[in-house]
Every structure is written in structure tokens, then in C-alpha cells.
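A.B. asks: Sequences and hints are given; from them, build the entire structure.
Protein sequences, first through last, are from chains Y and A.
So for the first sequence, this note's numbering puts the first residue at 923; every next one is plus one.
So for the second sequence, this note's numbering puts the first residue at 923; every next one is plus one.
Derived by calculation from the structure, the hints in this document are not laboratory data.
Be aware that a few hints might be false.
Claimed, not checked - Lysine-lysine pairs mimicking DSS-like chemistry, simulated, CA-CA at most 27 Å apart: (1) A:K1229 to A:K1244; (2) A:K1218 to A:K995; (3) A:K1108 to A:K1140; (4) A:K1218 to A:K942; (5) A:K1140 to A:K1114; (6) Y:K1108 to Y:K1140; (7) A:K1156 to Y:K1156; (8) A:K1114 to Y:K1114; (9) A:K1218 to A:K1229; (10) Y:K1229 to Y:K1244; (11) A:K1114 to Y:K1108; (12) A:K1108 to Y:K1156; (13) A:K1156 to A:K1218; (14) Y:K1156 to Y:K1114; (15) A:K1114 to Y:K1156; (16) A:K1156 to Y:K1108; (17) A:K1140 to Y:K1156; (18) Y:K1114 to A:K995; (19) Y:K1220 to Y:K942; (20) A:K995 to Y:K1108; (21) Y:K1114 to A:K1156; (22) A:K1108 to Y:K995; (23) A:K1140 to Y:K1218; (24) Y:K995 to Y:K1218; (25) A:K1156 to Y:K1140; (26) A:K1013 to A:K942; (27) Y:K1114 to A:K1108; (28) A:K1156 to A:K1220; (29) A:K1218 to Y:K1108; (30) Y:K942 to Y:K1218; (31) A:K1114 to Y:K995; (32) Y:K1114 to Y:K1140; (33) A:K1218 to Y:K1140; (34) Y:K1218 to A:K1108; (35) Y:K1140 to Y:K1156.
Said to hold, decoys possible - If you want the ones that stay clear, here's a sample from chain A, every Cβ over 12 Å from chain Y, calculated: (36) K942; (37) L963; (38) Q988; (39) R998; (40) R1001.
Yeah, the Cβ is synthetic: ideal placement off N, Cα and C, and Gly gets one too.
Number of protein chains: 2
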Amino acid sequence: MISIALDTMGGDYAPAEIVKGGVLGGRETGVHLIFVGMPSLLQAELAQHDLSGLDYEIVDAPDVIQMDESPAKAVRRKRNASIVVAAQLVKDGVADAAVTMGHSGAALVAGRWVLGMLPGMDRPALPAPYLGLQPEVTIIDVGGNTDVRPRHLLQFAFMGAAYAEAVVGITNPRIGLLSIGSEPGKGSMLLKETFPLLAESSLNFVGNIEGDDIPAGKADVIVHDGLLGNVVLKLSEGVVEALLHDITSRLEEHLPAESDAIQAVIADVLAANHYSRYGAMPLLGLNGLLLIGHGKSKAPAVVSGLKMAQRAVAGNVLPRLKDAWQRVQESNH
Amino acid sequence: MISIALDTMGGDYAPAEIVKGGVLGGRETGVHLIFVGMPSLLQAELAQHDLSGLDYEIVDAPDVIQMDESPAKAVRRKRNASIVVAAQLVKDGVADAAVTMGHSGAALVAGRWVLGMLPGMDRPALPAPYLGLQPEVTIIDVGGNTDVRPRHLLQFAFMGAAYAEAVVGITNPRIGLLSIGSEPGKGSMLLKETFPLLAESSLNFVGNIEGDDIPAGKADVIVHDGLLGNVVLKLSEGVVEALLHDITSRLEEHLPAESDAIQAVIADVLAANHYSRYGAMPLLGLNGLLLIGHGKSKAPAVVSGLKMAQRAVAGNVLPRLKDAWQRVQESNH
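C.D. replies: See below:
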């Protein structure tokens, strides 16, 4: 039985939408769900729902981290904040994974502080599926790791490979390094120094990848720093939105009678490219499974986040990453 | 009378498509066109066209730089290569601008070597219009300047501002710094150090810009290094292509009878986002106007490139940049 801790206090629509998504997602996934939050608020929210058939429990987390607090200080001071309690449940083996839609900085600090890093891993990194255009392509890092060194990108590559194998289900995924040209000598100093590390690793490294290779699906895992990752994800979402807007008005001008059908198709494409489809992603490199989602998540994103957590646990992403990374560590000694 | 030197030997489809585009573009723009290239090849190509009404001359450039040569060495050894001769015509005041579709590395070296940099400018940078989605938004650098320092990004911002004013026609353009979040403290060390330089400059700096702000048009000039620029441009093109493919098949499935109309609309959108619309862009920071275009350029892109050269000359992009940059230099002393 998979057990998942849900931080019901984190996110712009907490606790109402988080609890609602928890109830729906708990029933849909069949996992044992641990609602973590302030008991009074939680009870009031749970009372709004039909809980029959839901396998759940409540764990108290009376502290709250405010948006304007320093995450580093707040997490250390507020041991009973919901994100800290949820991570502790994973640490203690009570939960197999924790899911939060709260402040990602606080989640990062709580993850590092409570769960710790895998031996030899320097920084946690966040993977993401590349929109609906290439949902089986994983980009990493989108967690804001800027100013990285070559060894960090190597670590991100191992994390991304473990995720692609365990969650996406791709055997021996093709790893690409996002750069400015396909030749090994192309790119920044960072990329030129990273290239041989990847080439000499046990990974299925397919070389440098360019921007247009991402939507074309030329690699299963695309490795880059968090600045590039943030730009890639937000830019892609922005292009999709702007282009759909442009196309809709052009189509409606040419085919005014088909307006309803056109809008239905465009709505489908937009939905396929929306972050709520995956809901939350595992912060990799930690010695435990902590998934973080979008602050704007509503109930459907919470349901997707719980499904993702279930897949990450069932697919053994953490043991896979541990094993692969341990072999790297051993071969370096 | 504006005079433009056209390198007819550079590009994948040289000389045939370059000469063809030159003849069409020369007539369309009314500029004085200087065909630069190997006389025998050029004469043979020109003989294919009706040259009536075309204001042109031919300048010999008997040397050829091969694709596998080191640009730095080849440019210095082959003073009669077409790109070197074209740049020299600008240097000598015979041409107001030079246009090449040849090897961009060779053009860069020829530009720096023959024309030199503006005083206090460290590296040439290449701007680009942001596709058809936001054709009035300029992104800079897309010329491969990786591993830049804050002062380089400041220089790129002045270049982009001069281009936006002179060529796009925007007074006091809004300058944005591409980063990971809108707050001043967000981004890499490079970006954090660049932010105050831009904020304290005479530019109309609107702060950090995120990926989705580019297609949304939240700034007129977006500043970033050449790695980000390359990824932004290629990724955007790739997303447009992948999305149009996806939408076309979905629409045709729902509206099979409207297939022709749908394909016509999609073809329009694709054309609006194709690089041949602008053809070539001025390499800024040089003490002279040298425009470089896509190696895959055919005649229509050459026509667009000549129009762009004409606009850059007529809009005084170089004097504007010189003036603005000189004031920066003076205020620092």
C-alpha cells in the first residue's frame, strides 16, 4: 500500500482546493492519503466532502509559514509547519512520498534539511515533462539551479535518466545537453566542460541538443541549468498561448461558421499543454520523495500530483537513482 | 543614394540564389547594388537575369573561403575573399552596408578585422526580431556570445535600443533582461550584477523579463547572452512548427471538409514566423554596417536582407548607437 503525505496548507488555493483534490485523488489512486495541516481548518474542509471509501488519516501541523518569511529561517524555526511535517513523515518511513503546492523555496529547504541529499549529490533539481507537445520528454533542471558547475549538470542527467526510466517508462533514455549547436565544441565554457563528463558516463548520451530539438523529441532527457530550464518552460507556454490566440482569430475569420469546432480544438490543445496535467514533480537528489507543484494549483492539479507521486513511488525512482549514482561514486574511487 | 555590397559567394545556395535575390531586391529597394564575387561565376549568373533598370556594379573577389577552414585564419589569409572585400567597401565608404549569407564565423572575423569595433565595445552582437508573433520585439544576442560579463550585456542593451529605434521605429524602447523571475534579485550571478548596470543607465529599463513575456511583448528589447538567445529563437521556431503540425491534424479531423482553408491559414502563420521575412540582421558594435543572414537563404531572404540593410542605413542605426554609447563612455570618465 502506497502512502502519500499531502501538505494541505501550501498553495494559493489552500486549504480548500488542496483538500478537494486530495479527496478526489485519494479515491482515484487508491493510495493511503495523509492530510497534513492545521486540524481545525482541515476538519472544516473535510466536512465539505463525502469521504466514504477514502483511505486517509490526518496528521497535525499547527505552524504556518508566511509567504514573506525567509524559507531557510522559517523551516528551521517552525518544525510543525505542514511542509516540514510532511517531509518528516517521508523521513520516518510513514509516507512513501510527500506532495506540496506551497512555496517552492520552503519545500526545497525542508527537503534538504529533513530528508538530506543522496551521498555525493550537491543540489536537488526539478525535472518537468515538456508540455503536451512532447509529454514523454523530460527537461531538467526547472528548479532554479543557476550558476551550476559541470558536475551538477552530470548529476541532473542521472536524476533525469532515473525519472525517465521510473516514471515515463523509457529504458536507457537518450540524454541530450541543451546547447547552441550540435557539435561537441559548441556552447559556453560550462557546456564544453560538461560534454566529456556526459560522454564518458554510463548514460546514453546523444550529444548536444538545440532549442528546436526539444519539441522535435530528439532526446528523452534534456539537461540544462535552471535559468535555461525556466526560460524553456515559460517561453514554450507563452509561444503556445500566443500562437493559439493568433491561429484562432485567423481561422475564425476564414471559417466563421466553424467557430465552435475551432474553439473546441484549440481548447483541447491548450489543455494538453497545461501544467495541471502533471500537477507536481519530484525534487530529485534528495534522500526521499518530495513532490512540488505549482502555487496556483487547484483540485485537478492536486489529483495529477498525487498520481505522479504514486507513479514515482511505484516506479522506484529513488532506488533507481540511488543505485545508478552509487555506481558512479564507486567508479570514481 | 544608398549603396549596398552583396556577398554573392556566401551561403548554401550561392551564387545562384544570392544573385537572383540581389537582382530582385536591388530593383525593389532602388539601392545602388554592388555584387561582390568571383567575376566568372557572377557574370554567368547575371546573364540569367533581366538587368534593365537595375543600378549595379560588380567588384571582383577572386578568393573563396571553404566551410572547413578556420574563419580567423582564412579571413586574414584571403584578403580577396568576397566577405572581406564587401566589408572593405564599407570601411572605404564605397558601400553604406554589406550583406552576407555566408559563414557567420567568417563574417564576424571579417567584420572585426576590417571594420573594427566602436570604441569601448567589446564584442559584436546580433539582434533578431522575435518571429512573426512579436515582429517588433528585438532579442539580442543571437550571435553566439556565450560566457559574457555584465558589461557585455549592458553593451548589448545599447545596441538593441539603437536597433529598435532606428530600424523598428520605437522611441525610447523598453529594455528587459531575460531572467528567471521578475524581481531584481532573481537569476544567475551574471544577471544579478547586470541588473543595476541597466537600472542606472540612461536606457528605459523595465526590469527582469521571463520567458513567456517575450511572446507577450512585455518589452521592446530583450537582453540575454548568445546561448539563451540561440535557445529562445530555435525553441520558438520549433514550438511553432510542432504546434502547427498538431493543430492541423486535429482541425482536419474535426473539419475534414475545410482542409484547404485550414492549410492556407496554417501556411500563413508559418510564413509569418519564417526567418526569410527579415533575411539578414546587422552585426552591432562594429564600426560599420555588416548584415548577416541565414546560410540557407534563398532569393526571397536575400530580398528581405537588402531591405533590412536599407532600413538600417536610412534609420541611422550606426550613428545612433555611436552617439548613445559615446555618452556612456564620457559619463564614465
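A.B. asks: With reference to the structure, classify each hint as holding or not holding.
C.D. replies: Verification of the supplied hints:
1. For the suggested pair K1229 of chain A and K1244 of chain A, the alpha carbons sit about 22 Å apart, so the restraint of at most 27 Å is met.
2. At most 27 Å may separate the alpha-carbon atoms for a hinted pair to count; K1218 of chain A and K995 of chain A meet this at roughly 24 Å.
3. Taking the CA atoms of K1108 of chain A and K1140 of chain A, the gap is near 18 Å; set against the 27 Å cutoff, the hint holds.
4. Annotation: proposed proximity of K1218 of chain A to K942 of chain A holds, straight-line Cα distance about 14 Å (limit 27 Å).
5. Taking the CA atoms of K1140 of chain A and K1114 of chain A, the gap is near 20 Å; set against the 27 Å cutoff, the hint holds.
6. For the given pair, K1108 of chain Y sits about 18 Å from K1140 of chain Y by alpha-carbon distance, which is consistent with the 27 Å threshold.
7. Simply put, K1156 of chain A and K1156 of chain Y have alpha-carbon atoms about 15 Å apart, close enough for the 27 Å limit, and the pair holds.
8. Restraint check for K1114 of chain A and K1114 of chain Y: satisfied, since their Cα atoms lie roughly 24 Å apart, inside the 27 Å limit.
9. Our distance criterion of 27 Å between C-alpha atoms is met by K1218 of chain A and K1229 of chain A, whose separation comes to about 18 Å.
10. At roughly 22 Å between alpha-carbon atoms, K1229 of chain Y and K1244 of chain Y fall within 27 Å of each other, so this suggested pair holds.
11. For the hint linking K1114 of chain A to K1108 of chain Y, the alpha-carbon distance of about 25 Å falls within 27 Å, and the restraint holds.
12. Between the alpha carbons of K1108 of chain A and K1156 of chain Y the distance comes to roughly 15 Å, so the proposed pair stays at or under 27 Å and holds.
13. With a C-alpha separation of about 15 Å, the suggested pairing of K1156 of chain A with K1218 of chain A holds against the 27 Å cut-off.
14. Distance hint between K1156 of chain Y and K1114 of chain Y is fulfilled; the C-alpha atoms sit about 26 Å from each other, no more than 27 Å.
15. A distance of roughly 20 Å separates the Cα atoms of K1114 of chain A and K1156 of chain Y; the hinted pair therefore holds under the 27 Å criterion.
16. Proposed proximity of K1156 of chain A and K1108 of chain Y is supported: the alpha carbons are some 15 Å apart, at most 27 Å.
17. In summary, the hint linking K1140 of chain A to K1156 of chain Y is supported, as the alpha carbons are separated by about 14 Å, within the 27 Å threshold.
18. As the CA atoms of K1114 of chain Y and K995 of chain A are separated by approximately 23 Å, the hinted pair is consistent with the 27 Å bound.
19. For the proposed pair K1220 of chain Y and K942 of chain Y, the alpha carbon gap of about 9 Å is at most 27 Å, so the pair holds.
20. As the CA atoms of K995 of chain A and K1108 of chain Y are separated by approximately 19 Å, the hinted pair is consistent with the 27 Å bound.
21. Restraint check: the Cα-Cα separation between K1114 of chain Y and K1156 of chain A comes to about 20 Å, which is no more than 27 Å; the hinted pair holds.
22. With a CA separation close to 19 Å, the supplied pair K1108 of chain A and K995 of chain Y stays within the 27 Å bound.
23. Between the alpha carbons of K1140 of chain A and K1218 of chain Y the distance comes to roughly 22 Å, so the proposed pair stays at or under 27 Å and holds.
24. Between K995 of chain Y and K1218 of chain Y the alpha-carbon distance is near 24 Å, which keeps this suggested pair within the 27 Å criterion.
25. About 14 Å separates the Cα atoms of K1156 of chain A and K1140 of chain Y, which keeps this hinted pair within 27 Å; it holds.
26. Between the alpha carbons of K1013 of chain A and K942 of chain A the distance comes to roughly 26 Å, so the proposed pair stays at or under 27 Å and holds.
27. Our distance criterion of 27 Å between C-alpha atoms is met by K1114 of chain Y and K1108 of chain A, whose separation comes to about 25 Å.
28. Distance check on the hinted pair: K1156 of chain A and K1220 of chain A sit about 19 Å apart at the alpha-carbon level, within 27 Å; holds.
29. Distance hint between K1218 of chain A and K1108 of chain Y is fulfilled; the C-alpha atoms sit about 20 Å from each other, no more than 27 Å.
30. Restraint check: the Cα-Cα separation between K942 of chain Y and K1218 of chain Y comes to about 14 Å, which is no more than 27 Å; the hinted pair holds.
31. Using a Cα cut-off of 27 Å, the hinted pair K1114 of chain A and K995 of chain Y holds, with the two alpha carbons roughly 23 Å apart.
32. Our distance criterion of 27 Å between C-alpha atoms is met by K1114 of chain Y and K1140 of chain Y, whose separation comes to about 20 Å.
33. A threshold of 27 Å between alpha carbons decides the hint, and for K1218 of chain A with K1140 of chain Y the separation of about 22 Å falls inside it, so the pair holds.
34. Distance hint between K1218 of chain Y and K1108 of chain A is fulfilled; the C-alpha atoms sit about 20 Å from each other, no more than 27 Å.
35. Restraint check for K1140 of chain Y and K1156 of chain Y: satisfied, since their Cα atoms lie roughly 20 Å apart, inside the 27 Å limit.
36. Listed as a non-interface residue, K942 of chain A keeps its Cβ farther than 12 Å from every Cβ of chain Y; the least gap is roughly 28 Å.
37. Against chain Y, the non-interface label of L963 of chain A holds: every CB pair exceeds 12 Å, the least being about 29 Å.
38. For Q988 of chain A, the non-interface assignment is confirmed: its Cβ lies about 17 Å from the closest Cβ of chain Y, beyond the 12 Å cut-off.
39. For R998 of chain A, the requirement that its beta carbon stay farther than 12 Å from each beta carbon of chain Y is met, with the minimum near 21 Å.
40. Remark: the non-interface label on R1001 of chain A is consistent with the geometry, its nearest Cβ contact in chain Y lying 27 Å away (cut-off 12 Å).
When held up to the earlier numbered hints, the structure conflicts with none and fits them all.
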